[in-house]
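Sequence positions in the sequence shown follow UniProt numbering and run 1 to 538.
In case anyone wonders, no lab produced these hints; they're calculated from the structure.
Even glycine gets a Cβ: it sits at the ideal position worked out from N, Cα and C.
Keep in mind that the hints are not guaranteed to be accurate.
Listed next, with one range per pair, are the computed distances between beta-carbon atoms [as the list claims (entries may be wrong)]:
#1 L206 to A54: 37 to 43 Å
#2 P66 to A525: 56 to 62 Å
#3 A54 to E369: 22 to 28 Å
#4 Y288 to G347: 38 to 44 Å
#5 S401 to S186: 21 to 27 Å
#6 Q130 to I85: 49 to 55 Å
#7 A173 to D242: 38 to 44 Å
#8 R474 to W57: 33 to 39 Å
#9 I344 to A525: 28 to 34 Å
#10 A277 to E80: 19 to 25 Å
#11 A525 to A411: 23 to 29 Å
Okay, derived cross-link-like pairs now, DSSO-like style, lysine-lysine, Cα gap no bigger than 27 Å in a straight line [said to hold, decoys possible]:
#12 K355 to K244
#13 K226 to K36
#14 K212 to K168
#15 K36 to K48
#16 K244 to K212
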Amino acid sequence: MNQMKEKFRIFVWPYLIVALGYLLLYTAMHWLLFIKLDLFELDEELLKFWLPIALAWLPVLFWLRPSLRKLASNNPERSEFILQIVLWLGLALPVIFAQHYIIGATGRLSALNTPTEISNQSGSRYYTLQRYYIDKNYAGVVNDAAITGRYNEQYNMSLYVVLPMLDKPGDTAASACNTWYALYFSKTVSNDLSATAKEAAYRQFLDESQRKFDTLSLNNFTYLEKVPYGDSRSAYLQAVQDNKHFSSSRPVILQPRFITFAAHVTSPLWTILVFIACFLIWVAIVVYARLKSPAATSFHFPAGGPHYSDTAEDPQHPVPPPVQRNSLLKPHTGYKVTPVLMYINVGIYLLMVMKGMGVMQFRAADLLEWGANYRPYTVHGEWWRLLTSTFLHGGLIHLASNMFGLVIAGAFLEPMIGSRRLLISYLVAGIVASGASTLWHPDTVSVGASGAIFGLFGICIPFLAKAYHNEYARRQLFNILFLVGYNLVWGLSGGVDNAAHIGGLVAGLITGLVIHPAVKKEYLAAHKEEIPEEETLD
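Use the sequences and the hints to build the structure in full.
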């Protein structure tokens with residue numbers, strides 16, 4: 001009984017306090033800064049889903065994680081990791097449900113007479129109108145295509161259409177319109193289709209959308225909702241800007257809704273039920289868990305850690321680097337450039353997200369504006385795109401996979417070849433990869449650090465091959481060759497810039513062969529007294 005009270009004191013009540021605090025604080029800040037005051041323009045999907053997930057790690061790491069070390073386990077590291085995931089989900093899920101509720105519940109429905117009055121109505125998200133005229137003759141259109149799916153198996157085609165909403169038909173003679181009616185058409189086909197088949201499918205999609213548009217009734221909506229900040233709003237705003245008949249200084253984009261206004265609000269009961277379920281799951285885990293004995297709890301590893309080793313990295317005899325917690329994400333001696341490159345890539349992605357360009361994927365038009373590689377632009381003087389495109393990514397999954405590869409390659413290479421060589425090699429491989437993409441693809445928007453990362457893996461290959469007699473080097477060489485080969489084969493399925501991958505890989509192989517003698521010489525000079533005379537390094 002005393003142990004149960006102790007477990008509740010250490011694990012249950014702190015979780016309850018932190019979970020409630022996170023739920024109330026995040027929801028209050030969301031409502032105040034982004035709904036009530038509307039101080040910042042942030043993608044609504046980011047606010048409703050991605051930020052609650054990301055920020056939930058902070059209270060877990062700072063307040064809940066330390067106490068997990070007091071639980072007994074046969075595999076402490078694995079158990080601690082799993083429990084952190086449980087805590088993270090337990091904090092994030094109720095907050096996600098709460099954001100969906102707070103957005104719908106706090107939105108005010110304004111009953112107005114005409115669209116002109118919307119510009120003077122602040123703080124509303126939903127509207128009904130007594131009189132209006134939607135002009136089909138002066139539509140603004142933006143088309144888009146994106147490759148999606150876990151394995152890039154889907155080719156999504158989209159049309160974003162905006163129509164001027166005027167007070168009466170006679171207003172079509174005016175040159176300005178600030179209220180726009182939004183329509184969206186989409187179709188998905190297999191990404192395995194050839195380029196000719198995709199072009200035919202796209203023409204068919206345009207014809208089908210035109211027929212739907214011609215027969216579409218625009219007046220049977222129940223109410224209108226402002227398009228929230230996000231990638232769709234960016235596309236609609238671009239369609240407004242492309243409209244040749246009407247100018248718009250402060251456009252308001254409205255999308256029709258066909259359900260009753262009361263039905264759009266999710267019940268707060270879902271938030272309560274999810275919170276209770278997460279709490280009960282955590283209580284059940286704690287009840288069945290065992291506390292460590294006081295002696296085990298007070299034990300500490302020495303400063304170097306349980307796996308500490310000061311073994312030097314030998315370019316001819318690579319050994320597994322010592323495992324140090326969080327060392328791959330923080331710059332430190334001998335490992336500075338890799339995390340900084342990761343910070344730059346992630347930072348640019350976050351800036352694009354905060355600009356409302358999307359989360360999971362960005363539109364090609366936005367990527368071009370930020371510096372994507374596109375042959376018609378690049379070869380006509382915008383050569384800087386060969387470099388800037390290597391710091392852009394098409395979306396969250398694209399970024400995450402590339403940063404994972406960057407950390408793996410950088411953690412192995414940078415301590416061996418030095419930070420300056422790694423930075424130069426990374427930039428050169430990235431530029432060569434972009435150049436190869438430009439030569440191969442006449443009309444493709446290309447972004448991503450994968451070409452530069454393939455270059456780093458290319459550098460690894462000659463270093464590991466020259467130390468082939470070493471078991472660790474041999475194993476890592478096979479791993480890298482498999483990883484490179486798998487990605488190149490996967491790239492044949494479409495939607496992957498294999499030209500950039502091959503260009504970066506070749507640049508890396510050449511770089512590795514060129515710098516290997518210098519790195520070897522530096523290593524021998526630094527470890528002259530440690531290497532036996534009879535040991536050969538070739």
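These are the hints, each one checked on the structure:
1. L206 to A54: 37 to 43 Å: Given about 38 Å between the Cβ atoms, the range holds.
2. P66 to A525: 56 to 62 Å: 45 Å, violated
3. A54 to E369: 22 to 28 Å: 26 Å, holds
4. Y288 to G347: 38 to 44 Å: 43 Å, holds
5. S401 to S186: 21 to 27 Å: 25 Å, holds
6. Q130 to I85: 49 to 55 Å: For Q130 and I85 the Cβ distance comes to about 53 Å; the hint holds.
7. A173 to D242: 38 to 44 Å: Given range 38 to 44 Å: violated, Cβ gap about 21 Å.
8. R474 to W57: 33 to 39 Å: 37 Å, holds
9. I344 to A525: 28 to 34 Å: 33 Å, holds
10. A277 to E80: 19 to 25 Å: About 23 Å separates the Cβ atoms of A277 and E80, which means 19 to 25 Å holds.
11. A525 to A411: 23 to 29 Å: Check passed, 24 Å falls within 23 to 29 Å.
12. K355 to K244: Holds: K355 and K244 sit about 25 Å apart, inside 27 Å.
13. K226 to K36: 15 Å, holds
14. K212 to K168: It holds: about 24 Å lies between the C-alpha atoms, which stays within 27 Å.
15. K36 to K48: The given pair, whose Cα atoms are some 16 Å apart, holds under the 27 Å limit.
16. K244 to K212: 23 Å, holds
The earlier numbered hints that this structure contradicts are 2, 7.
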